[in-house]
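Enquirer: In case you want the letters, here they are:
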Amino acid sequence: MKLYNAKVECAAPAVVLDDMILTKDLPTTAGSRMLSGYMSLFDAEVISRLAKAGYAVRGKAAVGEFGVDLMGESSVSGAIYKDGALVSAAHEIVLSGEVKAAICLDVNGSVRRASAQSGLVSVKPTYGTVSRFGTIPAACSGECVSVVAASAAECREVLSVINGHDDKDGTSLSEQTCRSALEAGKAPTRVAIIGDFLDGISADVKEKLDLAAASFERSGAVVETISAPELSAARAAWNILMSAETCNNVSRYDGVKFGYRSESFMGLDELYTKSRSEAFGALLKSVIIYGSETLSTENYMKVYDKALRVRRVIVEKLSKIFESYDLVLTPATSEMKYTKEAIEACPDMAFTENLYTAPASISGFPAVVAGGVMLMGGTFSEGKLLTAAELIEGEGR
Amino acid sequence: MDRELLRRLEMLNQLSLTEEEKVSVIGFFERRGADSEVLSGIETSEVERMVHVLPVMTVVREDVVSHPFSRDELQRGAPETDEGYWCVPRVIE
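One line per chain: the protein sequences are A and B, in this order.
Using our numbering, read the first sequence as starting at 5 and increasing by one per residue.
Using our numbering, read the second sequence as starting at 0 and increasing by one per residue.
Covered by chain A, per the in silico footprint, the following chain B stretches (three or more residues, Cβ under 8 Å):
| # | region |
| --- | --- |
| 1 | 5-19 |
| 2 | 27-36 |
| 3 | 39-46 |
| 4 | 55-68 |
| 5 | 76-86 |
Here are the simulated distance ranges between beta carbons:
| # | chain 1 | residue 1 | chain 2 | residue 2 | range |
| --- | --- | --- | --- | --- | --- |
| 6 | B | H51 | A | M270 | 36 to 44 Å |
| 7 | B | L4 | A | E228 | 40 to 48 Å |
| 8 | B | D81 | A | S268 | 16 to 24 Å |
If you're looking for bench data, these hints aren't it; they were derived computationally from the structure.
Just so it is clear, CB atoms sit at the ideal spot from N, CA and C, and this is done for glycine as well.
Turn these sequences into a full structure, and let the hints steer you where they fit.
Expert: Here it is, written out as structure tokens:
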């Protein structure tokens, strides 16, 4: 079981980074043969902030190829199974107690799914409040640097270190706006459960939701089930936008200036084609081809442009919900474990299982996973979501 | 998705798929077909597109000449170099 792609001895407190985050002194692979052994010339901004606060980097955790998969199963180093269930390398390292937290790039919800299934806590902050400078780009309009830890308090502590404006990131918000997202606030008084997400979940996921809802009610909150069918369309729109953006972002890998190059080729075209074909995995190839088709002349307006408009519908619907409720309680996964057999039967399961994670990915709204379930709030509410998570974090264990 | 379209997309993306991968990609497209149907069910004729969820600014730097990395550093990860140049197959006969 290979959890680390690179590891060093260091003093506590330490963090582990997933392999989508560039490090100057350790290789960064993005889980792809294309970047096997790749050494960055600089550190990501989050590493500089962590170092200033006294955190050491313990190593790099294996990750699925460019972060688009379920939970690391498409990594060039292979899927990791524990007791028959797929697990995430970064989450296993946090569970081992070797590090205080994991810093991961959440591209397609893998970080949140793994948090729900492992019983850990994670926070995907509001888009633009944590710098993405020095992360390997895949789906830039929605991916966020996230924190995974054993408790909401530890998530808050590490998030407060990496949160903040960065001049080097064009999507970074002002310092004042970023810091406002850390306000702890009060416990929630009104909680909504999205009824449209309850049909396909297993009994044990339903049990986790019921436990979380009961915890909120015991703390005095009103919990109501509401209907929001528009949110189910977030998955379809995000699959299109994510694939199109990933297709564009990985077009830079051609075997010329850096990365993998095929050993045999005749001419420049064959160098490009053989290098990319030999280095990329099957799921990423599907994403590239699907993404390019959504951007074609025939499909641009019908598919890609439509997905951009649906993104606004989702954002407006969520904003409306957050006028009446402090947070939304949803599943993060349909099952509490993914078996090897299920993944082999459907290698692109990530593109259906992201039903629950896509609304936060496509809208940029924050999400916190605790107690095996997910909490979503309005922009800059991650501090409040972590306060709410403290009420339920013990329920998922 | 048919084989001819797939061949064109492979070429555009500089990929050459194995037969097994072709089957996998076609299956991926079939499963995503439902995504397009879901989207077409949502009325968006009066809705503006949303490319970025929050305002985006163009990052600029001071207009001064600088060399943050040397040529050697930039070529450290290159598959093949020769006297400071990246090597590629001959493109002009």
